[in-house]
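Engineer: Taken in sequence, the protein lines are chains A and B. Here our numbering is used: the first residue of the first sequence is 122, the next is one more, and so on. Here our numbering is used: the first residue of the second sequence is 2, the next is one more, and so on.
Don't read these hints as lab results, they were simulated from the structure. Do not take every clue at face value.
Said to hold, decoys possible - Partial selection, computed: residues in chain A whose CB lies under 8 Å from chain B:
hint : residue
1    : S252
2    : E284
3    : Y358
We put the CB at the ideal spot given by N, CA and C, even for glycine.
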Amino acid sequence: MSVSGNIIIMPDKFRDPYIFENILSMQEEIFSERASLDMSRVAFMEPYSMLSFLIMGRNYLRTSGEKLKLINVPIHIQQYLTRMDFFENGAFNMPEVLKDNMMFKRNVSSSRLLEITMIPNKERQSVNVISSVIALFRKRASIILKYWMNDSVTDYFVTVISELCQNIFEHSLDSGYMAMQTYRSGNENIARLVISDSGIGILKSFSGRDDLHYAGAAELIEMALTTPISSKREFGYGLCQVNSIVERLKGVVFIRSGGSSLTALYDRKDTNSKHIFHRNGLVQFDGTQISISLSA
Amino acid sequence: MIIDVAKTAKELKVKLPDLITRPVGRMMYAATIEKLSIIGAGETVILDFGGVKVIDSSFIDEYIVKLIHDSREKDFYLKLRNISPISEINIDSVFNSYSNYKDTRIAVAREEIGKNNRFYIGPLIEHESDIMDYLRINISAGIDDISRFSGIDFNLLKSLLDELSILRVIRRNNGNFTAV
Numbered sequence: 122m123s124v125s126g127n128i129i130i131m132p133d134k135f136r137d138p139y140i141f142e143n144i145l146s147m148q149e150e151i152f153s154e155r156a157s158l159d160m161s162r163v164a165f166m167e168p169y170s171m172l173s174f175l176i177m178g179r180n181y182l183r184t185s186g187e188k189l190k191l192i193n194v195p196i197h198i199q200q201y202l203t204r205m206d207f208f209e210n211g212a213f214n215m216p217e218v219l220k221d222n223m224m225f226k227r228n229v230s231s232s233r234l235l236e237i238t239m240i241p242n243k244e245r246q247s248v249n250v251i252s253s254v255i256a257l258f259r260k261r262a263s264i265i266l267k268y269w270m271n272d273s274v275t276d277y278f279v280t281v282i283s284e285l286c287q288n289i290f291e292h293s294l295d296s297g298y299m300a301m302q303t304y305r306s307g308n309e310n311i312a313r314l315v316i317s318d319s320g321i322g323i324l325k326s327f328s329g330r331d332d333l334h335y336a337g338a339a340e341l342i343e344m345a346l347t348t349p350i351s352s353k354r355e356f357g358y359g360l361c362q363v364n365s366i367v368e369r370l371k372g373v374v375f376i377r378s379g380g381s382s383l384t385a386l387y388d389r390k391d392t393n394s395k396h397i398f399h400r401n402g403l404v405q406f407d408g409t410q411i412s413i414s415l416s417a
Numbered sequence: 002m003i004i005d006v007a008k009t010a011k012e013l014k015v016k017l018p019d020l021i022t023r024p025v026g027r028m029m030y031a032a033t034i035e036k037l038s039i040i041g042a043g044e045t046v047i048l049d050f051g052g053v054k055v056i057d058s059s060f061i062d063e064y065i066v067k068l069i070h071d072s073r074e075k076d077f078y079l080k081l082r083n084i085s086p087i088s089e090i091n092i093d094s095v096f097n098s099y100s101n102y103k104d105t106r107i108a109v110a111r112e113e114i115g116k117n118n119r120f121y122i123g124p125l126i127e128h129e130s131d132i133m134d135y136l137r138i139n140i141s142a143g144i145d146d147i148s149r150f151s152g153i154d155f156n157l158l159k160s161l162l163d164e165l166s167i168l169r170v171i172r173r174n175n176g177n178f179t180a181v
C-alpha cells in the first residue's frame, strides 16, 4: 500500500479470500484517512473480494456519512463492477463514468453470473428476494454451472443459496449481499457463490449458548458448519446441509466472521491430508462472509 | 387423504418449483393442518410433492417434521409421494441430525422406492429396514411370519415392531402389522 496525500493506492489483492486479507488490514487506514482509493494497480477482482469491498464501502458510508471514492479504475475492472451491479448499491463514488458502448452487454453470453443482490434483514422481503434469486439462478444455471452440469448440481445450489441467504435475516440482524459467478483463473474454471453481511457475526450470534465450548471463534464456525447447532432454536440444519452438499460436490467452503475464518477443502479430503483449517486473530471485519467454490 | 403440495403452494401464491425457507414452511404447514382437520383417526395422509424440485432443510423442519409430530399426537399416518432426489437427501439429512442430537428418532414412509433403495426416509437400522421391506411386499403379517422370514430373535423383533409403530412407519392392526 502506498499513500499519497489523501489518495491510497490499492494493491492488486482482490484475487481470492486469503489475499484479500491484505485489503481488510488496510480498512482502518482507509477509514481514518478519508482518502480516495486509487484502483489503477488492481488487475483482477473475484466475487468474494468484490462483495467484501462493497461491505467495506457500506461500513464507511454508515460511519462517516460519505461514500468512498474510487479513482483510476482500470476499464476492465469498471466494466466488471458495473456488470455485477456493484455501483447500484450506492456505497462508492466514481467520478469517471464509462460510455454505454464500453459496458459489458447483458446478454446470454455474459450471464455466467448472478449480479449482486441485496438480501434484506426483514423476513417477508427477504423471502421474496430469495425466491427471485433462485428463479434467476435456475434460468442461468446451465451457463453458470456449465463445467459441473448434471441433473442434481442445480438443485444442490438451490439448497445452498436458500440456506445461506436465510441465515442473513435469521441471524445477522443486518442486510447482506449475494453474488455468483463462473470465471477462469489460470487453467481452472471456478464457480463461486458468495454471501456476505456486516451483521453481528457468528460469535456474537451464539453468545447466549453457554453450553457450547470452543477454543476460538474459528472452532465455533466449524461447529456451526458441521453440527446442527443453532443460536435461535433447538436445531439449525442450514449450514450443516450446505457443508454436506459442498463435501458431496468436492468443493471448498470459506467462512470468515469477525476476526476468524475457517476453510474446508473437500476437493482434498480424499487424499487423507488435513482438509479443515482454522484462523483466529485476523483483522476485525464485522459480519459473516461466506464463499462456496467449485473448480474444474 | 392426499395433499397436493404444489397445489397448496399455488393457492398460497408461493412460487414453484422450489419450496424453501422457514416462512414458506410455516405458511404451508398452516394451510395443510387446516385441510387435515377433517381426517379420521388412523387415516393415512399422503403428501404428494409432484411438481416440487427442491425442499430445503428450513422448509422440512417447519413442514414435514411438524407434521410427523402431529401424526403422533393426532393419530394419523404420514406418507410421502413424488420426492425428488435432492429433497430425499435434504429430508434424510434433517432426520439424521434430529435423531443424532435429540435422542429420539423420526422417519417417514414413502410411496416410491428412493435413492436409498428403501420405502422410507430416516435413520432406521438394518433389521428395521428388512421388516419394512417384508411388510411392503406382503402388505400384512403377524409377528410369527416376520420372525420366520427375518430370523430375528423374537423378543428383539417385538421391540423393533413396537419402535416402528411408534415411529408410525408401520401400522399395528389386531396383532398384525401392515405397511403404511
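Engineer: Compare the structure with each hint and give your call.
Structural biologist: Hint check results:
1. For S252 of chain A, the interface hint holds, the least distance from its beta-carbon to any beta-carbon of chain B being 5 Å, beneath 8 Å.
2. Annotation: interface hint on E284 of chain A holds; nearest CB of chain B at approximately 6 Å, less than 8 Å.
3. For Y358 of chain A, the interface hint holds, the least distance from its beta-carbon to any beta-carbon of chain B being 4 Å, beneath 8 Å.
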